[in-house]
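Asks: Assemble chain S onto chain W, guided by the hints.
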Amino acid sequence: MKDYNEGDYLLLSGIQHFNFCRRQWALIHIEQQWEDNVRTIEGDHLHRKADQPALREKRGDKLVVRALPVQSRELGITGICDVVEFIRDPAGVPLAGEEGLYLPFPVEYKRGKPKRNDSDHSQLVAQVICLEEMLVCDIHKAYLYYDEIKHRVEVIITAADRERVRVNIQEMRHYFERNHTPKAKAGPHCQSCSLNNICVPDILNKRSVSSYIESRLNE
Amino acid sequence: MKKLLNTLFVTLPDTYLALDGENIVVKQEEEILARYPLHNLEAVCTFGYAGVSPALMGACAARNVNLTFMTRTGRFLARVIGEDRGNVVLRKEQYRISDDEVRSARVARNMITGKLYNNKWILERATRDYALRIDTERIKKVTESLGETMKLLRDVEQLDVLRGLEGSAAVQYNSVFDDLILQQKESFYFYGRSRRPPLDKVNALLSFAYTLLANDMKSALESVGLDAYVGFLHRDRPGRASLALDMMEELRGVYADRFVLSLINKKVINDKGFYVKENLAVIMDDETRKKVLKAWQDRKQDKIMHPYLNEKIPWGLVPYTQALLLARYIRGDLDEYPPFLWK
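Chains as they are written, first to last, in my numbering: chain W, 1 to 219; chain S, 1 to 343.
Hints in this document: simulated from the structure, not taken from any laboratory.
C-beta: ideal position from N, C-alpha, C; glycine also.
Check the hints yourself; a few may be wrong.
Okay, derived cross-link-like pairs now, SDA-like style, lysine to any residue, Cα gap no bigger than 25 Å in a straight line [unchecked claim]:
no., chain 1, residue 1, chain 2, residue 2
1, W, Lys-185, S, Leu-90
2, S, Lys-141, W, Lys-183
3, W, Lys-183, S, Lys-303
4, W, Lys-183, S, Asn-203
5, W, Lys-185, S, Asn-64
6, S, Lys-141, W, Leu-217
7, W, Lys-183, S, Tyr-95
8, S, Lys-266, S, Arg-91
9, S, Lys-343, W, Lys-185
10, S, Lys-92, W, Ile-28
11, W, Lys-183, S, Asp-227
12, S, Lys-92, W, His-174
13, S, Lys-272, S, Gly-332
14, S, Lys-303, W, Ser-194
15, W, Lys-206, S, Asp-160
16, W, Lys-183, S, Gly-332
17, S, Lys-141, W, Arg-216
18, S, Lys-312, W, Glu-219
Ranges of calculated distance between the beta carbons of each label pair, as one might list FRET restraints [as the list claims (entries may be wrong)]:
no., chain 1, residue 1, chain 2, residue 2, range
19, W, Glu-177, S, Val-161, 52 to 60 Å
20, S, Val-161, W, Glu-6, 17 to 25 Å
21, W, Ile-156, S, Ile-32, 52 to 60 Å
22, S, Lys-92, W, Asp-202, 23 to 31 Å
What the simulated footprint calls covered on chain S by chain W, stretch by stretch (three residues with Cβ under 8 Å from a Cβ of chain W suffice, anywhere in the stretch; the number is not a length) [as the list claims (entries may be wrong)]:
no., segment
23, 9-18
24, 301-314
25, 327-337
Looking at chain W on its own, in the form it has when it is part of the complex (with noise of 0.2 Å):
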């Protein structure tokens, strides 16, 4: 297992972006760019109300956290899950103060209602393989709490969703380390990408500058 310094951990929530578009992803998370558009913003909104790492519920034989720091060395990836809820189950593990057995169940908080593509899910699994290498356990659910639906959908975590996120995120690793931004792969996505205008994705597909130079100074 190679050791990561933790200066060098990726961003969880990156591998959403990176499933979403590579290139978006890079221009985030290597570039450091940024623009908010109107979903980034209610998306800010949400997770104000999930960000408030001091309030902590307990209910029965439930646990809510929120605003959890979460990492995997295995990975080198840091982040922060939303809400998690500790369930006490006696197939959990025990929890540094409580007493008892727990099973962490992370939530994470989306706007808008469930997509199509697996970007949000992918977040959630690298969530999880997080929660059980910090806490020595197993996950099998997990749930997404989409705001525009005001519902929560769950989620079961498979040997193949881990596998997929791994792969991923060595594939992220991989143009992190390069310093590399893929070019862009131009699609419908395109329309609802924030970075749209730093992006520019069909630049790429105009003709090449040296013509347009040579056709204007011929004309």
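Replies: Same frame as chain W, but now just chain S:
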């Protein structure tokens, strides 16, 4: 393409700008003169001694609103910039090009090509639009020579050669610039460029327009992650925004000169709006400065077709678009830097 937002120009000298929630508040003494939501603003530009609260400076930096301080006469003083939107990789490549004479020349020659091309079309348009007023023969000689020089530029790989060609083209263009002034000729004339101080009204207007353009260019370069102070044609000099000056070459004529000409030819301003100091330095009065700024803002909203992108954008986004294209070239997405070739 990015959306063009408004610029707030503050020309009253004794005003103070403060932050109130999500708004800029313009105060005089304790009286509130105006209030503008920050999210509608692209830039705030103050002339004179207007103060700005630290809270507002912070809010501008956080939201990428370009906040600039100018003297009463429009000379640049200072700017508030927020955290570096840094892409060090892009910036280091910019520095590598800047350190390499041949690579610098390859970028700079396209900018100069843009300048000559645009100046040539300014002149050709004038001969077409005002054939009865303008000495077409005289101008034709200049446009032909600009056309010749442009073709030579294509293969230049030495900055000195480039500067030589640029210099002689500028002399040619300046020699007929006065011909483009078609109204109020008794008060507005151009014999040559004078800067510090401008010695006639046309030079005073040109200097002011160049300052405004340089400012827009600087913030455009920074917003795409480039260093406005490290240039290719203009070499490093502390405090000089060399890259912004490089980028301005292709836009001076088509953006600023044409703007100044239209102010005069459309009589937006008149000769009464200036005063002459004892040493013959010419200075705009406050009323004229206000008119010029208003016209500048209006011009920014006018739409044009971007010649390379083939996309309609407002004039005000041209500096940003060119900065973006330059960044694209530096990072290797484009085969050359595409200058803005206006026609």
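Asks: Does W/Lys-206 pair with S/Asp-160 here, judged by a C-alpha cut-off of 25 Å?
Replies: 32 Å, violated
Asks: Are there three or more residues in the segment 301-314 of chain S whose C-beta lies within less than 8 Å of some C-beta in chain W?
Replies: holds (count 4)
Asks: Within a Cα-Cα threshold of 25 Å, do W/Lys-185 and S/Leu-90 meet the stated pairing?
Replies: It holds: about 21 Å lies between the C-alpha atoms, which stays within 25 Å.
Asks: Within a Cα-Cα threshold of 25 Å, do W/Lys-183 and S/Tyr-95 meet the stated pairing?
Replies: It holds: about 22 Å lies between the C-alpha atoms, which stays within 25 Å.
Asks: Would you check the hint for S/Lys-303 and W/Ser-194, treating anything up to 25 Å between C-alpha atoms as holding?
Replies: Judged against 25 Å, a Cα distance of about 24 Å means the pair holds.
Asks: Honestly, do W/Ile-156 and S/Ile-32 meet the 52 to 60 Å range at C-beta?
Replies: 58 Å, holds
Asks: Confirm or reject the claim that S/Lys-92 and W/Asp-202 have a C-beta distance inside 23 to 31 Å.
Replies: With a Cβ separation near 27 Å, S/Lys-92 and W/Asp-202 satisfy 23 to 31 Å, so the hint holds.
Asks: Verify the proposed pairing of S/Lys-312 with W/Glu-219, using a straight-line Cα cut of 25 Å.
Replies: 22 Å, holds
Asks: Quickly compare the C-alpha distance for S/Lys-92 and W/Ile-28 to 25 Å and report which way the hint goes.
Replies: It holds: about 18 Å lies between the C-alpha atoms, which stays within 25 Å.
Asks: Quick one, are S/Lys-141 and W/Arg-216 close enough, alpha carbons at most 25 Å?
Replies: Holds, at roughly 20 Å.
Asks: Taken at face value, is the distance from the CA of S/Asp-227 to the CA of W/Lys-183 at most 25 Å?
Replies: 23 Å, holds
Asks: Does W/His-174 sit within 25 Å of S/Lys-92, going by the straight-line distance between their CA atoms?
Replies: 21 Å, holds
Checked against the numbered hints above, the structure breaks hints 2, 3, 4, 5, 8, 9, 13, 15, 19, 20 and 23 and satisfies the rest.
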